[in-house]
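Enquirer: Sequence:
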Amino acid sequence: MMDLNDLPILGIGGWSGAGKTSLIENILPRLREQGLRTLVCKHCQHGFEIDRAGKDSDRLFQSGGDVFVQDAEQGCWRTHVVPEHSIVSILPFLSRRYDLILVEGHKDIPLPAVWLEHPTKKDPPPKSVEVMETLAVNPGREDALLAWLADWLPNQWQKTPVFGCVLIGGESRRMGRPKHLIETEGLTWLEWTLRALKRVCSRVVIAGAGELPERMVNPIQLPDIMGAAGPMAGVLAAMRWTPSASWIMAACDMPQVSFPALDWLISHRRPGVWAILPRGGKPRAVEPLLAYYDCRSHAVIESLFAQGNHSLAAVQNHPKTATPEIPYHLRDAWVNVNREDES
Numbered sequence: 276m277m278d279l280n281d282l283p284i285l286g287i288g289g290w291s292g293a294g295k296t297s298l299i300e301n302i303l304p305r306l307r308e309q310g311l312r313t314l315v316c317k318h319c320q321h322g323f324e325i326d327r328a329g330k331d332s333d334r335l336f337q338s339g340g341d342v343f344v345q346d347a348e349q350g351c352w353r354t355h356v357v358p359e360h361s362i363v364s365i366l367p368f369l370s371r372r373y374d375l376i377l378v379e380g381h382k383d384i385p386l387p388a389v390w391l392e393h394p395t396k397k398d399p400p401p402k403s404v405e406v407m408e409t410l411a412v413n414p415g416r417e418d419a420l421l422a423w424l425a426d427w428l429p430n431q432w433q434k435t436p437v438f439g440c441v442l443i444g445g446e447s448r449r450m451g452r453p454k455h456l457i458e459t460e461g462l463t464w465l466e467w468t469l470r471a472l473k474r475v476c477s478r479v480v481i482a483g484a485g486e487l488p489e490r491m492v493n494p495i496q497l498p499d500i501m502g503a504a505g506p507m508a509g510v511l512a513a514m515r516w517t518p519s520a521s522w523i524m525a526a527c528d529m530p531q532v533s534f535p536a537l538d539w540l541i542s543h544r545r546p547g548v549w550a551i552l553p554r555g556g557k558p559r560a561v562e563p564l565l566a567y568y569d570c571r572s573h574a575v576i577e578s579l580f581a582q583g584n585h586s587l588a589a590v591q592n593h594p595k596t597a598t599p600e601i602p603y604h605l606r607d608a609w610v611n612v613n614r615e616d617e618s
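Those letters in the sequence shown? Residues 276 to 618, per this note's numbering, in order.
There could be a bad hint or two in this list.
Keeping only pairs whose Cα atoms sit at most 25 Å apart, straight-line, the calculated PhoX-like set for lysine-lysine is [claimed, not checked]: (1) K397 with K317; (2) K402 with K382; (3) K473 with K434.
Taking CB as the label site, the calculated pair distances span [unchecked claim]: (4) S364 with V344: 37 to 43 Å; (5) R334 with P429: 23 to 29 Å; (6) S364 with A411: 32 to 38 Å; (7) L462 with E417: 19 to 25 Å; (8) H355 with R490: 53 to 59 Å.
FYI, nobody ran anything at the bench for these hints, they're computed from the structure. Since we're looking at a predicted model, the values are computed, not measured. C-beta: ideal position from N, C-alpha, C; glycine also.
Given the sequences, and given the hints that come with them, work out the whole structure.
Expert: Below, the structure is given as structure tokens:
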């Protein structure tokens, strides 16, 4: 589990009456305009009500069950308090589904925080609050917070580790032998791809069944997910192995993959972008097998899998997916080889 300080989670602190709720309320539409999906966690010292007594959902909750209610526009998950639902344990899970989490109150949680000054109360913030910025009481407080977030949030996103995964195990009928074991200049295509990924990834694994070169030392090879077809089986294997990481997924049949190409790919990594599927093939199709998948895209791919859709290209339809055009001088990196005479 990543440290809370390494996640895009920010406390909004201040004494009662400092204007925490009003400030959050006013910046939320502007964050949404920026394409950011934001979650607000609020601490209520005196309890709260989210349902009406006698309604079906309230009767079920009062009978001891947790209840999830959803209509076409909204959903609500009402749970009984249990230890595993403590906010400290659930925030990392939630951070993989939102671009930004704002936590109002909860002064006892060690989070980076923006502290709002009170119009009259001058006491300093509690020692448990790690104050990153203090905002005075003035009309420009919303703009000041948004400007501060514009610097802070990208840095938080960069703290998520980027792992690499090489997908192997296709039948390779046209090639006549496993593609990942074909050699070029003394190295297999698998080794060339691993070498390129290690330039930009903190850890690299292999997903799929297949023989590996004997000279490889202690490789991490993950089995495909049962029930998934094609590359999605390997992609899900990697994402389930380390859900907190973001991933560059690479097919083993792109022997010209290069560091400049991978560097260009991850240069598009930014808050609000959950996947980067480059364009540049024929006929301008997206390329899901040398692509970047933020940890937040895991839920998107699991949803496709649950619906029986095993096409990674379908991720392009999600509003959080970017599809930048590959620069002409880098396009060879995305060329997949299917026949011996093409290599």
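Enquirer: Does the alpha-carbon distance linking K473 and K434 stay inside the 25 Å limit?
Expert: OK: K473 and K434 at ~17 Å, within 25 Å.
Enquirer: Between H355 and R490, does the C-beta distance stay in 53 to 59 Å?
Expert: holds (55 Å)
Enquirer: Between L462 and E417, is the Cβ distance one that fits in 19 to 25 Å?
Expert: Violated - the Cβ-Cβ distance for L462 and E417, about 55 Å, lies outside 19 to 25 Å.
Enquirer: Keeping to a limit of 25 Å between CA atoms, is the pair of K402 and K382 held or broken?
Expert: holds (9 Å)
Enquirer: If you check the beta carbons of R334 and P429, does the distance land in 23 to 29 Å?
Expert: violated (46 Å)
Enquirer: Does the alpha-carbon distance linking K397 and K317 stay inside the 25 Å limit?
Expert: Holds, at about 23 Å.
Enquirer: Taking 32 to 38 Å as the hint, is the beta-carbon distance of S364 and A411 inside that range?
Expert: With Cβ atoms ~35 Å apart, the hint holds.
Enquirer: Can you let me know if the beta-carbon spacing of S364 and V344 is within 37 to 43 Å?
Expert: violated (23 Å)
Violated hints, in rising order: 4, 5 and 7; the structure is consistent with all others.
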